[in-house]
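Number of protein chains: 2
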Amino acid sequence: MNKSNLYCVIMAGGIGSRFWPMSTTKYPKQFQDILGTGRTMIQQTYDRISELFPAENIFVVTSKEYLELTYAQLPEINPNHIVGEPMMKNTAACNLYMANKISEINPEAQLVVLPADHLILKEARFQEKITLALSLVQQNDYLITLGIKPTRPDTGYGYIQYLSEENKSIFKVKTFTEKPNLEIAKAFLESGDFLWNAGIFVWSVKSIKNAFEKYLPEMVQQFNYCEYNSQKEEHCIEEIYPKLTKISIDNGILEKAKNVHVIPADLGWSDLGTWTSVYQNAAKDDQNNAVNSKNILSYNSKGNVVRLKSKNKAAIIDGLKNYIVVDTDKALLICPRDHDQLIKDYVQDLKNLKKGDRFM
Amino acid sequence: MNKSNLYCVIMAGGIGSRFWPMSTTKYPKQFQDILGTGRTMIQQTYDRISELFPAENIFVVTSKEYLELTYAQLPEINPNHIVGEPMMKNTAACNLYMANKISEINPEAQLVVLPADHLILKEARFQEKITLALSLVQQNDYLITLGIKPTRPDTGYGYIQYLSEENKSIFKVKTFTEKPNLEIAKAFLESGDFLWNAGIFVWSVKSIKNAFEKYLPEMVQQFNYCEYNSQKEEHCIEEIYPKLTKISIDNGILEKAKNVHVIPADLGWSDLGTWTSVYQNAAKDDQNNAVNSKNILSYNSKGNVVRLKSKNKAAIIDGLKNYIVVDTDKALLICPRDHDQLIKDYVQDLKNLKKGDRFM
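Chains as they are written, first to last, in numbering that gives the first Met the number 0: chain V, 0 to 359; chain L, 0 to 359.
Any given hint could be a false lead.
In the DSS-like style, the derived pairs of lysine-lysine whose C-alpha atoms are separated by at most 25 Å in a straight line are [claimed, not checked]:
#1 L:K310 with L:K329
#2 L:K173 with V:K329
#3 L:K329 with V:K308
Note that these hints are calculated values from the structure, not bench results. If you're wondering where the values come from, they're calculated on a predicted model, not measured in any experiment.
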């Protein structure tokens, strides 16, 4: 495979409000060492893909607000390849933007697009599946997504139904279903021919641009107004972004396109979308507490995830079972682990307080 | 009554480790607004006694370490009357020290000695009982303590057994018992002739000096070495303090003296010795949570005491019942209210950590 045609885009624009107060709009999850491994999520993502792609072929697309954070955390990446969107417009827009930008550099590019804030434990398996996908999109007009075998009826994920054939490593996608209710999620899990959509996409710039032409032609028109990789690009993007439709790449393209394929991949994957998933993936002490500091002493406490932002702070935890305790200089959260989906509502309540924004 | 003979000493040397992490060795409870009323405990104590005594007759004895805090919080008091002990030697030493110092100024002085960190809700009743005691010690060689009618079999207090006679407002003390076990405390409560020792003492300097001569003659010798209210005092005190016996005024004098009397006083008193007593005395919301900030939002939570030191911090509390939550820049405490007696042990565990002292 000609490596010079292989490109990677790390999507790093999220806010991570379900991770409040550790993740804030000013300093979101992808820029933090959520699991306490010594590398932030976006650095882990970079580490994972850096061997597969020439350094100059790696791009990051994030919010304009996070450009400085990204420069600082990923000094290995050419700053011109770290792109700031002027506002959040969901994932269709940034995918078209990056496809146009890379296509202008190399119209033969094959592209991997992946989120900056996911955990993947099985790195070799990941690289193997990505390599397979890249070789497939070189020869076929495929839009490929990696699919994770579901382990529970999670209602927070997108599900992919595929047409199963024996002895194959890639399958045609039949349907996409975003965030099903619990009953449906259980049925999906039992049926066995559904996978979680990990949001890791592989395609050629040609194929994805064709798909946009077909399913989001207006957005293509809007983006065609700009001249990429020129001094005018930034100003032009500022002009078109306010007019763009907010739609995900899943809803806008993948649910409609006929050439979507899935590669099932056992990656040791978690989207680390909630404190519960952090708890599940973090190292635990003999009482099953996941703590991130030696200065945390626990008594009569089991199954908690405790995160102190300051290394100079101590904590005493007595009598808590299965709680989330997160402390930063701006906010303290104490909440049962099974209420982690409510955190974004609590944050909204705080915002509704006078001057509540200062805690975000 | 000749007001010029009336003196008051506020004892403010405690560390308050049961109030960690709000109370620390650097910034103990008496210098904090524990109840959120807008005045610190020592300021409240000053407010309570300031009408009874000429301003120049009010003294504070504290640790040398807390002199600056005291100057700052009580600018009304002559700085020469704010006395710093070079080390903690329990309450006998500081009582003899202050008796000597005041006696040198006015050998006819009548003296009220009281802790800086207690809550008294019934201020008028307090002033009435103090005035009564002062008039009694002017004419009698009495050592008087105020006694609080017990409301529960508390094992953390000292108990005073008195010889009851009808229609009297002052009684001779029969026995003192420090911190009885629960069974004995229950028996005391039932018998009806026991009171809690509030640590509020009234005596003339003559009477207390006589008592020291009789029961702690060695300590009297040691203190006689110094010249009070002179430039040499501080240096001399530094020299004698290391040699002094550590003993409380209760153990050293009151348990032995034959002229100890008690005035029962319904003062709305609490020593605020634990977070539970703070909880009991603090204002509560409709879910019986005692919180000290509008930036605390609680859900499914009842009966908690929550204290955030920073006004610029928010907290979300979900699913806690009857907990203590205290947050400072150095430490976070989460602990069931009925474990508040264990806090000092937890603090000791923290100190045993390498560099644990920085959290105190």
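Results of checking the hints against the structure:
no., hint, in the structure
1, L:K310 with L:K329, "holds (15 Å)"
2, L:K173 with V:K329, "violated (55 Å)"
3, L:K329 with V:K308, "holds (12 Å)"
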